[in-house]
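Given next are the chains, with one letter for each unit.
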Amino acid sequence: MQSNLLSILIWLPILAGILILCTGGDERAPVARKLALGFSIAVFILSLPLWAGFDNSSALMQFQEHGTWIETFNVHYALGIDGISMPLILLTTALTVIVIIAGWEVIQERVAQYMAAFMIMEGIMIGVFAALDAVLFYVFWEAMLIPMFLIIGIWGGPNRIYATIKFFLYTLLGSLLMLVSFLYLYNQSGGSFSILDYHALPLGMTAQVLIFLAFFAAFAVKVPMFPVHTWLPDAHVEAPTGGSVILAAIMLKMGGYGFLRFNMPITPDASHELAWLMITLSLIAVVYIALVALVQGDMKKLIAYSSISHMGFVTLGMFVFNSQGVEGAMMQMISHGFISGALFLCVGVLYDRLHSREIATYGGVATPMPIFAAFAVLFAMANSGLPGTSGFVGEFLVIMGAFKANAWFAIIAALTLIFGAAYSLWMVKRVIYGAVTSDAVAALKDVNCREILILALLAAMVLWVGVWPNPILDVMHATIDNLLLHVSVSKLP
Amino acid sequence: MNAVTLKAALATPEIIVAFMACLVLVAPLYMKKDTGIRLAYSLAVATLVFTAAYIAMNVSEGASAALNNMYIADPMADLLKIAICLVSAGVFIYSRRYNQDRDLDQPEYYVLGLFGVAGMMVMSSANHLLTLYLGLELMSLSLYAMIAFYRDDQLAVESAMKYFVLGALASSILLYGMSLLYGLTGSLELATIRGALTADEGNVAVALAVVFIVVALAFKLGAVPFHMWVPDVYQGAPTSTTAFVGAAPKIAAFAMTMRLLAGGLEDLHTMWQQMLIIIALLSIIAGNVIAIAQSNLKRMLAYSTISHMGFFLCGILAGTDEGYGAALFYVIVYAVMSLGAFGIILFLASRDNESDRLDDLKGLSKRSPWIAFLLLILMFSMAGVPPTAGFFAKFSVIEALVKADLVWVAVVAVLFAVVGAYYYLRIIKLAYFDPPETDLPVAPAAGMSTVLTINVLMIVLILPWIGSLLSLCAEVIRQFAV
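Protein sequence lines, in the order shown, are assigned to chains H and E.
Each residue of the first sequence is one higher than the one before, counting from 0 in numbering that gives the first Met the number 0.
Each residue of the second sequence is one higher than the one before, counting from 0 in numbering that gives the first Met the number 0.
Same shape as in the complex, but just chain H (with noise of 0.2 Å):
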């Protein structure tokens, strides 16, 4: 089937971006802030055919599209979308709706420069998710981060500067040992950039655990893992709200696609070999960081950690190579970039108000502001993994895959049912409820109808996906039985 869809998606928000940019100054605020979003509605609505024309049953890659780009390196111009890749792409054109809405009054500083560089960071992500050729990819996932890079730098908070660049910096370091081994790749391959002739590129084992590191390298910093984590507190704690959302809800899931994308079928015998490291560092992630998160006096911060620990379960559910446990990293993800941006976006609604993001600034806040108080308690319980919102899903299906794989892994994963729960609902506890502090909480205004309006959209979304995760589940299932199959044969010469 040929289609430019996945061209549309891709350039379509770019090029808005670029109109955007044209508004000019402060004064055509209003301007920049309705083109934005009604580009960003026109996206997400143009993205729901790749839903609905996908065919569940096929582990092929769809939509796909091909041109020649660089005859010299036998580069091309080659998209396409599987189980993988759909969900994400949905969720990324469903969340820059909710990030340019929730930036619609708090920004009042270079509005259309704002707008402008998350229409274009929109796009961009659509073509990681989308590239089926390594420069193509690395292209995109490289100019990924000059928006986000300015974003953070532009719009950050007090210590943005040195966020931004370490952000920038230490991803820099890992994309770069990822060019080489594509490099090498391509010299192995005859001279091709093709990710799915990489697929099926038989490699020795030395090769194999060497471009597995490079991989690792490059993803394991965009995840983040333990111990290259530490970048994300600094960089979400700066990062204006809607930048936390969109590096928390997808940016990270880069790094989880990459593993699904390269690791494991490109490098199948070292990702068996290497999968106790995966497994220890993911169970490290999960446990450690969920205990540093406990003691976080600072809202993002802790948000951030706990996005580090529920990443963990997403590497932890994918090395253990079972559907399940695949799958539940799958959901996970997409959960994850539900739950989280709710979150973040709650902390920005209160900063917005009081401009701190200490806990212990806040305290009795239910009192003035009842309705968010409600999504709040919502959004912390789905981040502890309550049953019947989406959090619950991921994290019991890859306790179930874990299980399969050894009975510990899904011990120690299980604590952070309890862990989560202790610092999620901590954290509500002592903001939310108890006696009103200060008089500055009890003048707080509740919530007004742009916030209710993207909060209620999110909680929709973690309700749906936690009741009924099927049909998200069904669009996954034959790419993720095929990539287990591919992963369970050896590519060993």
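For the record, the hints were derived by calculation from the structure and aren't laboratory data.
Some clues are possibly wrong.
Pairs of lysine-lysine, BS3-like flavour, derived with a Cα cap of 27 Å [unchecked claim]:
id	chain 1	residue 1	chain 2	residue 2
1	E	LYS32	H	LYS165
2	H	LYS165	H	LYS33
3	E	LYS402	H	LYS165
4	H	LYS444	H	LYS33
5	H	LYS428	H	LYS444
6	H	LYS165	E	LYS161
Every value quoted in this text rests on a predicted model; they were computed, and no experiment measured them.
Fit chain E to the supplied structure of chain H, relying on the hints for placement.
Okay, now just chain E, sitting in the frame of chain H:
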């Protein structure tokens, strides 16, 4: 060799430029000062654009020698000359206002520039050591004078002196290497040298000749450890001249490197490869690390140039057609980026502010969002971050290295590219994240900003067609190698 083949028509581009340089020297003498300067400026720019167009319309089919085999016209030379002419025309356009503000806008500036361009074109087409040397000296002497042009400025005069002394030293080293080659082969013609040298490996005299030539090339390129003059010249020279020195002469230096190493000394590849690995890696490392400590923008760009020259040498040292093609692509992209970067400094400079301190860039995005945006693109491109041409330049060089089994060189180069990214990011940080030091708006200059915009946006907008540009470079090199 025996038949006297003149075929001077092949050298028409050089002849046009040299003739126009003489005309620009003489004509303004018969006019009022202002008219004369305006005429000199328009004639210079028009000449360069016309010459570029002329070459583009008369591209050589394969290589053909002329002027008793001293001169060669091949597609590589054509491509390089087009780049040299266009880039230099850009420098003239950017320099105008800066020079006017400092009373440097004299017809002689353009005369020297045109002679410099003629020298670079001769270098591109050299088929003979003597031609190469003549071209090099024509270029260098013009540059010395252009740097000293700002004679009221002590720094400029000092750096001209420094450049002159070191440049003369490098030239003499080059001559010594050439004379050894002549002694060994009995010829100054590159093709003959190439044929005669094949069997002589292991000979001390050959090794000495190669060392002298590589050292001289490193001097001219400004590669570590022969880079000392670069920061001083970049900082000391008036920015308009720095822009000139930073762009087109790099392309000419590429031509010289190709003609000497890949042409005349190709069979001694293993000898010069080892030297170039050391020189290239030292340049990448030292350039990127020292650049971090700079507070002067021009000086920082000088160290950045050093690291870029290291990267470009990485392409050459691979010693394969892919490597040469990558280096060619790299040097052209670099010249365009360097032109843009100095264009921005020239744009920001006002009558009483050189605008060459890093702090002058603070809050640029508030003072002039568009220029800040162009600067952003340039810096990401120089750092080699996609989606910019700078990324593909680095990419093709690294690809050539990996293919030539020099993976470790590639890894070192890549790691220090990350170090380099830091100081480019700092520029963006200053321009975008810091509050401005002054509220003065940037003086607009309509014509100049259009050219600047085209210049910089090209780095990004070329991407869909970057494949054809890379193929062009590969094809040109394939014809060179034949």
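Quick one, are LYS444 (chain H) and LYS33 (chain H) close enough, alpha carbons at most 27 Å?
-> Roughly 25 Å between the alpha carbons, so the hint for LYS444 (chain H) and LYS33 (chain H) holds.
Starting from LYS428 (chain H), check that the Cα of LYS444 (chain H) is at most 27 Å away, please.
-> holds, 19 Å
Mind checking the alpha carbons of LYS165 (chain H) and LYS161 (chain E) for me, to see if they're no more than 27 Å apart?
-> violated, 39 Å
Keeping to a limit of 27 Å between CA atoms, is the pair of LYS402 (chain E) and LYS165 (chain H) held or broken?
-> violated, 32 Å
Are LYS32 (chain E) and LYS165 (chain H) close enough, with their CA atoms no more than 27 Å apart?
-> violated, 55 Å
Holds or violated: LYS165 (chain H) to LYS33 (chain H), with C-alpha atoms at most 27 Å apart = violated, 33 Å
Violated hints for the displayed structure, listed by number in ascending order: 1, 2, 3, 6.
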